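Q: Sequence:
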Amino acid sequence: MSRTNFDTLLEAGCHFGHLKRKWNPAMAPYIFMERNGIHIIDLHKTVAKVDEAAEALKQIAKSGKKILFVATKKQAKQAVADKASSVNMPYVNERWAGGMLTNFPTIRKAVKKMAAIDKMTQDGTFSNLSKREMLQINRQRAKLEKNLGSIADLNRLPSALFVVDVMKEHIAVAEANRLGIPVFAIVDTNSNPDNIDFVIPANDDASKSVEVILGACCQAIAEGLEERKAERVDTEAAGEGEDGEEAAEAPKKRRAPKAEAPAAE
Numbered sequence: 001m002s003r004t005n006f007d008t009l010l011e012a013g014c015h016f017g018h019l020k021r022k023w024n025p026a027m028a029p030y031i032f033m034e035r036n037g038i039h040i041i042d043l044h045k046t047v048a049k050v051d052e053a054a055e056a057l058k059q060i061a062k063s064g065k066k067i068l069f070v071a072t073k074k075q076a077k078q079a080v081a082d083k084a085s086s087v088n089m090p091y092v093n094e095r096w097a098g099g100m101l102t103n104f105p106t107i108r109k110a111v112k113k114m115a116a117i118d119k120m121t122q123d124g125t126f127s128n129l130s131k132r133e134m135l136q137i138n139r140q141r142a143k144l145e146k147n148l149g150s151i152a153d154l155n156r157l158p159s160a161l162f163v164v165d166v167m168k169e170h171i172a173v174a175e176a177n178r179l180g181i182p183v184f185a186i187v188d189t190n191s192n193p194d195n196i197d198f199v200i201p202a203n204d205d206a207s208k209s210v211e212v213i214l215g216a217c218c219q220a221i222a223e224g225l226e227e228r229k230a231e232r233v234d235t236e237a238a239g240e241g242e243d244g245e246e247a248a249e250a251p252k253k254r255r256a257p258k259a260e261a262p263a264a265e
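The letter at position 136 of the sequence shown is residue 136 when you use my numbering, and the numbering goes up by one with no holes.
Note that these hints are calculated values from the structure, not bench results.
There may be inaccurate statements among the hints.
Stated by the list, open to error - Here are the simulated DSS-like cross-link-like pairs (lysine-lysine), alpha carbons at most 30 Å apart as the crow flies:
# : residue 1 : residue 2
1 : 131       : 168
2 : 208       : 20
3 : 143       : 77
4 : 109       : 131
5 : 77        : 45
Unchecked claim - FRET-style restraints, in silico, Cβ to Cβ:
# : residue 1 : residue 2 : range
6 : 155       : 135       : 27 to 35 Å
7 : 116       : 20        : 47 to 55 Å
8 : 42        : 167       : 15 to 23 Å
A quick note: this is a predicted structure, and the numbers were derived from the prediction, not measured.
No residue lacks a Cβ here, since even glycine has one placed at the ideal position from N, Cα and C.
Go ahead and model the full structure; you've got the sequences and the hints to work with.
A: Below, the structure is given as structure tokens:
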């Protein structure tokens, strides 16, 4: 069963690439033809690539790991926030803070600062401050929330990155490449697919196109999470025996990435 189909993608305008003169020759295998000076993307290939990416994302979600969604361009911001939130995954849609992956501990400190401000509000420390101090702290909290609020639950490096527009998010892609984190991306005809592990050739400027592809991928992530939940219930119900051994192994698998994180700093 395919995650999407030719007609759905065609209707969403996923086939419109960029002007021929703006193309990146590395995208040639995904281009079907040129019409009125604009490259048309081969949607049969897009369907296959969406399936391939969705299956891989499903397995990552099933293993209990996080996928970080990145899209700071106007047309994709809301779609990414909605879809990533629906499957409880972290996302960045305001601005990519340089070093968000390569300097992860510093980013975590900023997130902790946000939590500390919240604690002050709750335990009454806040009310002892002067109006000016309260205003400054509130401003700082709002700024942190805007840029980092959506990754507050990301306690370790993500296991994959999903990017909309690899040219705009080139810093995020470069950081993921450097750390060996696989990158899934919607790649248009003007971009370089070489640094992307899972290329989904499609229009990255039309919000409808982005929504359709994100929808198919997030549906797969949701399935992975459901299967993980069902397996855990089965394992717990089975208790001892063969399933019991699997249950004993499961936490090890989940703990493993902790050892990787420091190495990746």
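Q: Each of the hints needs a verdict: does it hold here or not?
A: A quick look at each hint next to the structure:
Taking the CA atoms of residue 131 and residue 168, the gap is near 40 Å; set against the 30 Å cutoff, the hint is violated. Proposed proximity of residue 208 and residue 20 is supported: the alpha carbons are some 22 Å apart, at most 30 Å. As the CA atoms of residue 143 and residue 77 are separated by approximately 17 Å, the hinted pair is consistent with the 30 Å bound. About 26 Å separates the Cα atoms of residue 109 and residue 131, which keeps this hinted pair within 30 Å; it holds.
Pair hint residue 77 plus residue 45 holds up; C-alpha atoms about 25 Å apart against a cutoff of 30 Å. Between residue 155 and residue 135 the C-beta distance comes to about 31 Å, which sits within the given range of 27 to 35 Å. The hinted range of 47 to 55 Å is satisfied by residue 116 and residue 20, whose Cβ atoms lie roughly 53 Å apart. The hinted window of 15 to 23 Å between residue 42 and residue 167 holds, with their beta carbons roughly 20 Å apart.
The earlier numbered hint that this structure contradicts is number 1, and it is the only one.
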